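S.K.: Here's the letter readout for the chains.
2 protein chains.
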Amino acid sequence: MEVTRRCFKDCLNLVYAAIEEADFLAIDGEFSGISDGPSVSALTNGMDTPEERYTKLKKHSMDFLLFQFGLCTFRYDPKESKYITKTFNFYVFPKPFNRSSPDIKFICQSSSIDFLASQGFDFNKVFCHGIPYLNQEEEAQLREQTEERRSQQANGVGTPSFISPSCSKGPAHVPDEHKDFISRVVEKVETLFSSKEKTVDLEPCTGFQRKLIYQTLNWKFPKGLHVETVETDKKERFIQVSKVDEEERKRREQQKVEREQEELNDAVGFSRVIHAISKSSKLVVGHNMLLDVMHTIHQFYCPLPEELQDFKEVTMCVFPKLLDTKLMASTQPFKDLISNTSLAELEKQLNDSPFKAPETEAAEDFPSYNTAKEQLHEAGYDAYITGRCFISMANFLGSFLTPPKAHVSARSKLIEPFYNKLFLMRIIDIPYLNITGPDLQPKRDNVLYVTFPKEWKTSDLYQLFSAFGNIQVSWLDDTSAFVSLSQTDQVQIAMNTSRYAESYRIQTYAEYIQAKQQDKDKLAHSSKSWTEDGWVRPHYAASAASAGFGYSRSLRKRSISPIQPEQGSSEAAAVDGWSHYSYSDSSESKKRKTDDVVESKTSEGWLKTTEASESSGSSLVPEEGSPEAPDPTEDAEGTLAWQQAAAIPGHISQKTKKKSEAAGASSSLFEVPEVW
Amino acid sequence: MEVTRRCFKDCLNLVYAAIEEADFLAIDGEFSGISDGPSVSALTNGMDTPEERYTKLKKHSMDFLLFQFGLCTFRYDPKESKYITKTFNFYVFPKPFNRSSPDIKFICQSSSIDFLASQGFDFNKVFCHGIPYLNQEEEAQLREQTEERRSQQANGVGTPSFISPSCSKGPAHVPDEHKDFISRVVEKVETLFSSKEKTVDLEPCTGFQRKLIYQTLNWKFPKGLHVETVETDKKERFIQVSKVDEEERKRREQQKVEREQEELNDAVGFSRVIHAISKSSKLVVGHNMLLDVMHTIHQFYCPLPEELQDFKEVTMCVFPKLLDTKLMASTQPFKDLISNTSLAELEKQLNDSPFKAPETEAAEDFPSYNTAKEQLHEAGYDAYITGRCFISMANFLGSFLTPPKAHVSARSKLIEPFYNKLFLMRIIDIPYLNITGPDLQPKRDNVLYVTFPKEWKTSDLYQLFSAFGNIQVSWLDDTSAFVSLSQTDQVQIAMNTSRYAESYRIQTYAEYIQAKQQDKDKLAHSSKSWTEDGWVRPHYAASAASAGFGYSRSLRKRSISPIQPEQGSSEAAAVDGWSHYSYSDSSESKKRKTDDVVESKTSEGWLKTTEASESSGSSLVPEEGSPEAPDPTEDAEGTLAWQQAAAIPGHISQKTKKKSEAAGASSSLFEVPEVW
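Going line by line, the protein sequences match chains A and B. Position 581 of the first sequence, counted from 1, bears residue number 581 in our numbering, the numbering being contiguous throughout. Position 364 of the second sequence, counted from 1, bears residue number 364 in our numbering, the numbering being contiguous throughout.
Treat the hints loosely; a few may be bogus.
Same chains, same label: a pair holds when it works inside one copy or across any pair of copies.
What the hints assert, rightly or not - Heads up, simulated BS3-like pairs for lysine-lysine below, C-alpha to C-alpha not over 25 Å straight-line:
(1) Lys188 <-> Lys443
(2) Lys256 <-> Lys243
(3) Lys454 <-> Lys516
(4) Lys443 <-> Lys196
(5) Lys373 <-> Lys220
(6) Lys457 <-> Lys179
(7) Lys196 <-> Lys250
(8) Lys413 <-> Lys223
(9) Lys220 <-> Lys457
(10) Lys516 <-> Lys198
(11) Lys188 <-> Lys223
(12) Lys250 <-> Lys179
(13) Lys348 <-> Lys373
(14) Lys56 <-> Lys188
(15) Lys58 <-> Lys256
(16) Lys198 <-> Lys522
(17) Lys196 <-> Lys223
(18) Lys243 <-> Lys220
(19) Lys348 <-> Lys443
(20) Lys223 <-> Lys279
(21) Lys520 <-> Lys56
(22) Lys443 <-> Lys9
(23) Lys454 <-> Lys373
(24) Lys188 <-> Lys413
(25) Lys198 <-> Lys443
Since the hints were derived computationally from the structure, they do not count as laboratory data. Only a predicted model underlies this, so the values are computations on that prediction, with no experimental measurement involved.
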């Protein structure tokens, strides 16, 4: 169902009901661009730390507009053994609410726009009929302004938007060139008093003239008049003056209050949908959803916090339960069965054995999609497909149970290992961002940081390191890259070899991180200026008071932030061959409070992984063609084979056989590396 | 006539012919926004210097997109005594030419977008079917790249976009996981050689796989094959392999060269229209056209230069003869007859006495507009209306001649005083930017720079200065403003009064300018970073070589730049009561070379002006309603009464009577202040 500004209010209850009854929700967003600075390959470097990735996306992706939001709700009908779906395709645009509301600027990236255009995207629906929205702070300020205006009016100050306090006490100062105009207005109003008419419309005029009219009439006729600015369809404003007795005046005031309340709700607009999703605490499924989550929070809740840890906390408040189908498909037991995790390919593969196409049916009055024909990249459709992928994979997990189950619900313990882990695009050794805990910290002691002349190509790096076995190259910019060796014991030899090199320079990853940290410390106090001129972050005056919403920046810092990698620090005890990751003491985060839900997690201690990657050249695929990343949308779905524990299905099913599902399957059944 | 990418090539000759035959051209642009930083009232402060205004517009307006360009050509038909018009409405969008072409980012301002939407603007035409374009540098680089690729191919290096030099010498290194794929391809090609088929299409694959295919086939089958990447409608790329003999191969190569040339012209796209306008050297008319000119040069020629003087030089190369109808209408003899110079109002007034609605007729096959009904803010229509306004005003000038003439051509000497003076929005005492000479330099010794707490409103400033007569307030930001006193002799008294003030501070304009210059000198080396990550200014590698186009950044600085105002400097000799302006020695710029036209200007020395402004409060109109500027589009047309010599029509017509038009009317007939 397409939802624009025109029908938004009528649809809203339908949306609320759909969320309310759903077993889970799937979402997807379309943006006006991906990166306003670095090429996509630099934005998503294979050796980024989660902090770096977050910082880059925040800095270079958030000034784009999320202008289409897809929501598909899935309700399981046990009688029919199928899901009933309701798909909504919202068009979103920050139409200024009134003249003092924020005038949002956003960036468009021509390649992204061109790509969407080629997919038949309807830009007129966005720009002409997009649903407006306000974030929490804007909403709070608007409510405050409205309150203030009301209380001033109650005190008889009149229409303060046009009158500054010092002016309203005496007669208005009317500049000479407006004196004729104003006396004509006064005459008209005097005529109104002596006529049968109840109302007179003045001619359209400028804001300054309206101000003078308000001031003059307020002073000359303190009682018996209702003066109001009316806007024509053509956006011309004129003043309407009405004779009113006290009762009529009160009735009109009451109407005005109601109208203001209504307008305020209209201004909050699409954010109300996100609030409803948030309040429902339902599982929210997305595909490669980190950017979707970041944009959603940034646009409809609050500007993103500086620190990754704070972002994780906000995310848990807005979306208490997330699941990323790209991460799920890239994890055992799916990893070995699914060769390409782009949404389109994933959907195809999940329709074939050993998976089963899920049974879904569109609810009455909702569009049903023909998955064989539909275009991807319409947000509603993508959300629908994402939900279907989730169902196929969830149900597949049921086949490991004894007895096997064909339907695994969104609330099943089998799903839990995949909660709140958002796929990290193209990072070689950190598959996901862990929203509810510290992130994986690969040691990267097989990684070298290489700088070289800008003429160098990947082939030059291959040549240089040909003696040290297979390598993986992750470009940083024209003159630097990370090179991962397949064997850590080659690192020292490579370092030694480079000692006398003149054209290039090699550092270990640890040295690189240390130097970077030092630079960061130096710069700590000199950044942050880029949002100061009202950019995307809107213009409303200070005050703030992030109303209602349960997130507060002053939350004390939790003690679970990942240990900062320190050079030469002794490794935390390696568990079960998890030698490439260090992690913080798991006891610290066994219990954590999220909003009002206390989650209990037990670390079972049998975490799995493998040596990071023998898969030579897999990181080449997206970067190779040209140093400038190719089509960003293709990239956005580009897959990168990251290495993880090979599944041992026998082992899993054996283990599973010991437990009935009622007793709860282990949350570590499937090989999502966990660090708590 | 609507022109999109679909019909652009077919229309181009029509456009060329229309420009060729025209007496003059009118243009107009629609942009995706106005200001990405300051509010419009701060962007167009009443006390800006021309340098400041240029710098602000360059910094805060150029990242928006000019996405609709209107061109209306006017050809006078002397037999019918009317103009024949051809109107073109071009939709423009920087669709990336290929994967290595610049991926332009541009900003949208929601208020501007919303305004255009409310006017029925069709965004799909822009984003889906907009005509691409390249600036001079991009075009030169693309030609260079194409040349380079061709010469490499001639040397047998193959398809260098996929092969780096070091790889092409031996067999391709095929990673293990692609070996099967590649050997299947080789089999297919071997089958092709032994079959009757001439061509085989390989399955779609990734860029990396295509690279491997090119390398492998190049090495295995150095002769007899033509290998080409083909793109399907769905943007999937696959490789087509054809058997060819030497003759066929050459034919195909030739075809390819032609196709490349064609593609290159397609990529230059809309810029070709601007080049044609530029080459024609015809008079180009616009309304309030400074931003149109800046955007046009920025998008289709070159990034705007840092310095205003350099901008003037580029402008003269691109548009040797400009005329701004808003400036013309704001100048005598029109000023006293025209109360509102916004385009819509101007058009209305010019249809009434003493003016005459011009006779125009749309050429065959071109749309004719009904001026009583049409919507403004479609660029083609606005250009058409602008041209009509120019004709009315030009013809009106003919009424001063003896005998009066009903038709005054675009080449008439009567028009010359208005050439190359672009209206400066809302600057109180500098009506225009003088493209062909130094700008007016009002002394502003009646102006004070005031800083105060951010709670202050205009009324507080009125109160503060109430003792010193009428004032004009030009807000700079929340805590500072310029206050112009009507009497210069009050300045010292105001300064003295403020000596012990704690909440506010007053400086003279001269002190303010001096402090600002000092700040600027300090910062001189620390700015310019904002374009460094490929922003709007595109990604192509360095090299440059601004081809063909006659503008070079290394032009020696001309000696005509306006004198820098220095505190306490002795005023340049005041001429004929021109006491509020200083100007540089006119002898320096009597002759200046512009492109290949030598213009000769004589300064007649009887320049006119008046005391700067008694018109109290006129600067209030746009800023007053709210500190945030209201609807920017309304502002863009907002008028500000700037004071100038009162016309003495008797004097003018008297003077005129002395000369026949054949002898050439004086270029200083109408009161455009000139400083050379």
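S.K.: All the hints need checking, so say for each whether the structure fits it.
M.R.: A quick look at each hint next to the structure:
When the C-alpha separation of Lys188 and Lys443 is checked against a cutoff of 25 Å, the pair qualifies neither within a copy, at 82 Å, nor between copies, at 45 Å. Only within a single protomer do Lys256 and Lys243 lie at most 25 Å apart by alpha-carbon distance; the minimum there is 16 Å, versus 79 Å between protomers. Within a single copy, Lys454 and Lys516 get their C-alpha atoms as close as 21 Å, which meets the 25 Å cut-off; across copies the closest is 40 Å, which misses it. For the homomeric pair Lys443 and Lys196, neither the shortest alpha-carbon distance inside one copy (87 Å) nor that between copies (58 Å) is at most 25 Å.
Proximity of Lys373 to Lys220 under the C-alpha cut-off of 25 Å is found in neither arrangement, the shortest distances being 69 Å within a copy and 40 Å between copies. Only between protomers do Lys457 and Lys179 lie at most 25 Å apart by alpha-carbon distance; the minimum there is 23 Å, versus 75 Å within a single protomer. With identical chains, the CA atoms of Lys196 and Lys250 are at most 25 Å apart within one copy only, with a shortest distance of 21 Å there and 92 Å across copies. Taking the shortest alpha-carbon separations for Lys413 and Lys223, neither the intra-copy value of 69 Å nor the inter-copy value of 62 Å comes in at or below 25 Å.
For the identical chains of this complex, Lys220 and Lys457 are inter-copy neighbours only, at 24 Å across copies versus 80 Å inside a copy, given an alpha-carbon limit of 25 Å. Proximity of Lys516 and Lys198 under a CA criterion of 25 Å is satisfied in neither setting, with 73 Å inside one chain copy and 57 Å between copies. Taking the shortest alpha-carbon separations for Lys188 and Lys223, only the intra-copy value of 16 Å comes in at or below 25 Å, while the best inter-copy value is 92 Å. Taking the shortest Cα distances, Lys250 and Lys179 never come within 25 Å of each other, neither inside one copy (32 Å) nor across copies (83 Å).
Proximity of Lys348 to Lys373 under the C-alpha cut-off of 25 Å is restricted to the intra-copy arrangement: shortest distance 12 Å within a copy versus 54 Å between copies. Taking identical chains as interchangeable, the C-alpha atoms of Lys56 and Lys188 are never at most 25 Å apart, the minima being 62 Å within one chain and 45 Å between chains. For a Cα distance limit of 25 Å, the shortest separation of Lys58 from Lys256 qualifies neither inside one copy, at 41 Å, nor across copies, at 43 Å. In this assembly of identical chains, Lys198 and Lys522 lie within 25 Å of each other by CA distance neither inside one copy nor across copies; the values are 70 Å within and 65 Å between.
For a Cα distance limit of 25 Å, the shortest separation of Lys196 from Lys223 inside one copy, 18 Å, qualifies, whereas the shortest one across copies, 98 Å, does not. Within a single copy, Lys243 and Lys220 get their C-alpha atoms as close as 14 Å, which meets the 25 Å cut-off; across copies the closest is 94 Å, which misses it. Proximity of Lys348 to Lys443 under the C-alpha cut-off of 25 Å is found in neither arrangement, the shortest distances being 36 Å within a copy and 74 Å between copies. Taking CA atoms no more than 25 Å apart as the test, Lys223 paired with Lys279 passes in neither setting, with 47 Å inside one copy and 67 Å between copies.
Taking the closest pair of Cα atoms, Lys520 and Lys56 come within 25 Å of each other only inside a single copy of the chain (14 Å); across copies the shortest separation is 31 Å, beyond that limit. Taking the shortest Cα distances, Lys443 and Lys9 never come within 25 Å of each other, neither inside one copy (52 Å) nor across copies (58 Å). Proximity of Lys454 and Lys373 under a CA criterion of 25 Å is satisfied in neither setting, with 45 Å inside one chain copy and 59 Å between copies. With identical chains, the CA atoms of Lys188 and Lys413 are never at most 25 Å apart, being 75 Å at best within one copy and 50 Å at best between copies.
In the homo-oligomer, the alpha carbons of Lys198 and Lys443 never lie at most 25 Å apart, since the shortest distance is 80 Å inside one protomer and 54 Å across protomers.
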